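Protein chains: 4
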Amino acid sequence: MKWSERAWENVKPIYDKILTMPFNQELSNGTLPKEKFIFYLAQDAYYLLEFGRTLSAISGRMQNAEMIMAFAGFSTGAIFAERSLHESYFAEFGLANQVQPSPSTLLYTNYILSQAAYANVEVAVVAVLPCFWIYKAVGDHIFAQQDNDQNPYKRWIDMYAGIEFAAAVEKAIAIADQMAAQANAETQAKMLLAFEMATRLEWMFWDGAYQMEKWKV
Amino acid sequence: MKWSERAWENVKPIYDKILTMPFNQELSNGTLPKEKFIFYLAQDAYYLLEFGRTLSAISGRMQNAEMIMAFAGFSTGAIFAERSLHESYFAEFGLANQVQPSPSTLLYTNYILSQAAYANVEVAVVAVLPCFWIYKAVGDHIFAQQDNDQNPYKRWIDMYAGIEFAAAVEKAIAIADQMAAQANAETQAKMLLAFEMATRLEWMFWDGAYQMEKWKV
Amino acid sequence: MKWSERAWENVKPIYDKILTMPFNQELSNGTLPKEKFIFYLAQDAYYLLEFGRTLSAISGRMQNAEMIMAFAGFSTGAIFAERSLHESYFAEFGLANQVQPSPSTLLYTNYILSQAAYANVEVAVVAVLPCFWIYKAVGDHIFAQQDNDQNPYKRWIDMYAGIEFAAAVEKAIAIADQMAAQANAETQAKMLLAFEMATRLEWMFWDGAYQMEKWKV
Amino acid sequence: MKWSERAWENVKPIYDKILTMPFNQELSNGTLPKEKFIFYLAQDAYYLLEFGRTLSAISGRMQNAEMIMAFAGFSTGAIFAERSLHESYFAEFGLANQVQPSPSTLLYTNYILSQAAYANVEVAVVAVLPCFWIYKAVGDHIFAQQDNDQNPYKRWIDMYAGIEFAAAVEKAIAIADQMAAQANAETQAKMLLAFEMATRLEWMFWDGAYQMEKWKV
Numbered sequence: 448m449k450w451s452e453r454a455w456e457n458v459k460p461i462y463d464k465i466l467t468m469p470f471n472q473e474l475s476n477g478t479l480p481k482e483k484f485i486f487y488l489a490q491d492a493y494y495l496l497e498f499g500r501t502l503s504a505i506s507g508r509m510q511n512a513e514m515i516m517a518f519a520g521f522s523t524g525a526i527f528a529e530r531s532l533h534e535s536y537f538a539e540f541g542l543a544n545q546v547q548p549s550p551s552t553l554l555y556t557n558y559i560l561s562q563a564a565y566a567n568v569e570v571a572v573v574a575v576l577p578c579f580w581i582y583k584a585v586g587d588h589i590f591a592q593q594d595n596d597q598n599p600y601k602r603w604i605d606m607y608a609g610i611e612f613a614a615a616v617e618k619a620i621a622i623a624d625q626m627a628a629q630a631n632a633e634t635q636a637k638m639l640l641a642f643e644m645a646t647r648l649e650w651m652f653w654d655g656a657y658q659m660e661k662w663k664v
Numbered sequence: 448m449k450w451s452e453r454a455w456e457n458v459k460p461i462y463d464k465i466l467t468m469p470f471n472q473e474l475s476n477g478t479l480p481k482e483k484f485i486f487y488l489a490q491d492a493y494y495l496l497e498f499g500r501t502l503s504a505i506s507g508r509m510q511n512a513e514m515i516m517a518f519a520g521f522s523t524g525a526i527f528a529e530r531s532l533h534e535s536y537f538a539e540f541g542l543a544n545q546v547q548p549s550p551s552t553l554l555y556t557n558y559i560l561s562q563a564a565y566a567n568v569e570v571a572v573v574a575v576l577p578c579f580w581i582y583k584a585v586g587d588h589i590f591a592q593q594d595n596d597q598n599p600y601k602r603w604i605d606m607y608a609g610i611e612f613a614a615a616v617e618k619a620i621a622i623a624d625q626m627a628a629q630a631n632a633e634t635q636a637k638m639l640l641a642f643e644m645a646t647r648l649e650w651m652f653w654d655g656a657y658q659m660e661k662w663k664v
Numbered sequence: 448m449k450w451s452e453r454a455w456e457n458v459k460p461i462y463d464k465i466l467t468m469p470f471n472q473e474l475s476n477g478t479l480p481k482e483k484f485i486f487y488l489a490q491d492a493y494y495l496l497e498f499g500r501t502l503s504a505i506s507g508r509m510q511n512a513e514m515i516m517a518f519a520g521f522s523t524g525a526i527f528a529e530r531s532l533h534e535s536y537f538a539e540f541g542l543a544n545q546v547q548p549s550p551s552t553l554l555y556t557n558y559i560l561s562q563a564a565y566a567n568v569e570v571a572v573v574a575v576l577p578c579f580w581i582y583k584a585v586g587d588h589i590f591a592q593q594d595n596d597q598n599p600y601k602r603w604i605d606m607y608a609g610i611e612f613a614a615a616v617e618k619a620i621a622i623a624d625q626m627a628a629q630a631n632a633e634t635q636a637k638m639l640l641a642f643e644m645a646t647r648l649e650w651m652f653w654d655g656a657y658q659m660e661k662w663k664v
Numbered sequence: 448m449k450w451s452e453r454a455w456e457n458v459k460p461i462y463d464k465i466l467t468m469p470f471n472q473e474l475s476n477g478t479l480p481k482e483k484f485i486f487y488l489a490q491d492a493y494y495l496l497e498f499g500r501t502l503s504a505i506s507g508r509m510q511n512a513e514m515i516m517a518f519a520g521f522s523t524g525a526i527f528a529e530r531s532l533h534e535s536y537f538a539e540f541g542l543a544n545q546v547q548p549s550p551s552t553l554l555y556t557n558y559i560l561s562q563a564a565y566a567n568v569e570v571a572v573v574a575v576l577p578c579f580w581i582y583k584a585v586g587d588h589i590f591a592q593q594d595n596d597q598n599p600y601k602r603w604i605d606m607y608a609g610i611e612f613a614a615a616v617e618k619a620i621a622i623a624d625q626m627a628a629q630a631n632a633e634t635q636a637k638m639l640l641a642f643e644m645a646t647r648l649e650w651m652f653w654d655g656a657y658q659m660e661k662w663k664v
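From first to last, the protein sequence lines are chains A, B, C and D. Residues 448 to 664 in the numbering used here are what the first sequence lists, from first letter to last. Residues 448 to 664 in the numbering used here are what the second sequence lists, from first letter to last. Residues 448 to 664 in the numbering used here are what the third sequence lists, from first letter to last. Residues 448 to 664 in the numbering used here are what the fourth sequence lists, from first letter to last.
Looking at chain A on its own, in the form it has when it is part of the complex (with noise of 0.2 Å):
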């Protein structure tokens, strides 16, 4: 059994509450308040930048050049899905530039951050996997229930489930089950573990999208 098969079991019953939590129904059947839809888009804009400098530092790991270039292209591809958020979303809902991280935000972020810069790169690379593969898949799933023209979220949806993204998540996945065929029991073990946290962290991030959680203090 590859690895990620390992790994997606493990997170199944996380994966399941994602796809019936209440923003991603809400998404789905267009009755998400456009507040709650905006809150999101400004955490994902923050969310993509921080992403997109963690690929690259697992990039600055990597050991041969055909790793080095796969995370610094995800890097690319995540700055460039910012970049395309501020530009259509954001000038379209009259956003500021600036977005503050929201606490589950933040905790996302720097989780993935500091396991790229301490954890052994095995380990780093899976902690970001969720963000492809569980994003992917629910967002495949929200795109196949689609049955009319309606949503006002359609155009989002539609983003979701590209080709070029599917791309990347493969990618992202072939690279994971590589490095976990040559790591040891132990190393496994620690790489479910992340790849676990990083999917809890992916329900938190929708879970306080919606709450449009705030700082206490």
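If you're looking for bench data, these hints aren't it; they were derived computationally from the structure. Check each hint, because a few of them may be wrong.
No copy labels: a pair is met if it fits in one copy or bridges any two.
As the list claims (entries may be wrong) - With a straight-line Cα cutoff of 27 Å, these simulated DSS-like cross-link-like pairs (lysine-lysine) come out: (1) Lys459 <-> Lys449; (2) Lys663 <-> Lys459; (3) Lys663 <-> Lys483; (4) Lys618 <-> Lys637; (5) Lys637 <-> Lys661; (6) Lys464 <-> Lys663; (7) Lys481 <-> Lys661; (8) Lys661 <-> Lys483; (9) Lys663 <-> Lys481.
It should be emphasised that the depicted structure is a prediction, and the values quoted were computed from it without experimental measurement.
Let chain A serve as the given structure and place chains B, C and D on it in line with the hints.
Below, chains B, C and D alone, put in the same frame as chain A:
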């Protein structure tokens, strides 16, 4: 005006909230439920380990002997404190050796670890300063309020106000001021923000303990 | 005066020595022994991989979208150049895929990698600048001296003076100037030193290739 | 066979060359020219500072209390040794406070700093091991050869063979073996390579001192 004076003024509103938050009030008058104190101790042990790692990482980014040694010494002090917790309170309360961090604890530890790895070193230095300075000020405040020996948390409160920790706090503030004095206005502003964020995370750490915060998924 | 102008003035003596050193003179007039050129190519391939890693690491330490993307893009460019070397010259000369770095190459790559991980980011940025700027200036100089098609290194020299690389060099210099403009005098001085050291290491890289430098033990 | 036994066997040829190289022979019999000894001391002071930074950085990447503390303690020890050099020998010989590293010194320090920041932590740990183990073995060897009190370098040689340093060396080897025991074959092989490279750099450090190595530009 020293940077540290501006920084303190800037976080004064959060500091005031920390003094009056239920956890510290009840710790001070001895009415804090024991299970909340135990929750706090376990999180503190986890925190101290990561705080130690962060201090070591900052030591590695310093460029003169005095600074490298100061932060390596701070790290040793933090780990020594963590060990003391395990050897005294953990044994007394029958706690498990391994601690799972709460969301607020993980947010705080990953914030400081990330600053130590990615930010310019002046900023990293002040991201760890609240855990010295705020903690010390709160400890002194609670210690000063004690008027009898009946507080079940007396032993903990006495430790709060130790001389050795006081010397470390003073040194950490002096280093921050020294670095700020050589920094330009933009860096000084970033230093204020990092000090404020870490102070906010101190508040969340105590609040999380009082709530006995759990992961939602 | 821009920081980059001061920096160039400061390394002018080393740059002049680079132009007149045997490796570049003989490359320019076509008399460079083939085995020295091959030694150089192999070291260059090793260097480019580590240069790419360094650029990615710097990207991870940036704080705005434009900078993160610029350095991730530089990294991709470096790895792409490394791959081109392998696919064209390595095949042509029957070189082994894996290259052992010479002492000078290892000194240069570890110097820039260390700066990217430990120094403040302004300093890291200029530690990689000579590999853009000095290299480009030397390439242009040699290209301008060509007056016939008989030089066996023509294809290499033509590549040296490409438009794409020119754009990257210009962007890297502009970023350095932008960061220097916001830095205080002490940081600007450290930036000059790092730029000078990396220029010196450029000289040593070419010298090491000409000597076909070996490890003594 | 313990990893450390394989590692020692693997570097035995380089170790033998270190014992017989002129610097150590002449140090041992007291004929080493004083200016070479002074050159060495100054480089050693520079090295120790960077060695201390590296040990701190490794401490920051550890994941349990014992390891974090061990490496922070090693760092403190290295900086303490550096300070002793300055306070005794630097004063005695009227050396400048600031030392410029030679190429070999800079190669060694940047190699270990880079490993601490980018490599998996098991590899970083053994990249710093030769400075403990090889240095200790050479010191003991030279100490054992002393048969009179006329050697002008007696005080230095005595320090070489101290009990405190011996305990640190033993602990560093034990940690390396502990980490290697949990590593897979590929990682163990990388550990051998890093240990060998750092041993080679030990040789170059002594050789550079004997040559009173200068920068060519």
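Verification of the supplied hints:
1. Lys459 <-> Lys449: within (16 Å within a copy, 41 Å between copies)
2. Lys663 <-> Lys459: So Lys663 and Lys459 pass the 27 Å test across copies only (16 Å; inside, 32 Å).
3. Lys663 <-> Lys483: both (19 Å within a copy, 20 Å between copies)
4. Lys618 <-> Lys637: This pair counts as both: shortest intra-copy Cα distance 21 Å, inter-copy 26 Å.
5. Lys637 <-> Lys661: Between copies, since 22 Å is at most 27 Å while 32 Å is not.
6. Lys464 <-> Lys663: Both. Shortest intra-copy (26 Å) and inter-copy (11 Å) distances satisfy the 27 Å Cα cut-off.
7. Lys481 <-> Lys661: Within one copy only: 17 Å inside, 29 Å across.
8. Lys661 <-> Lys483: both (13 Å within a copy, 24 Å between copies)
9. Lys663 <-> Lys481: Intra 23 Å, inter 25 Å, cutoff 27 Å: intra and inter.
When each numbered hint is compared with the structure, no violation occurs for any of them.
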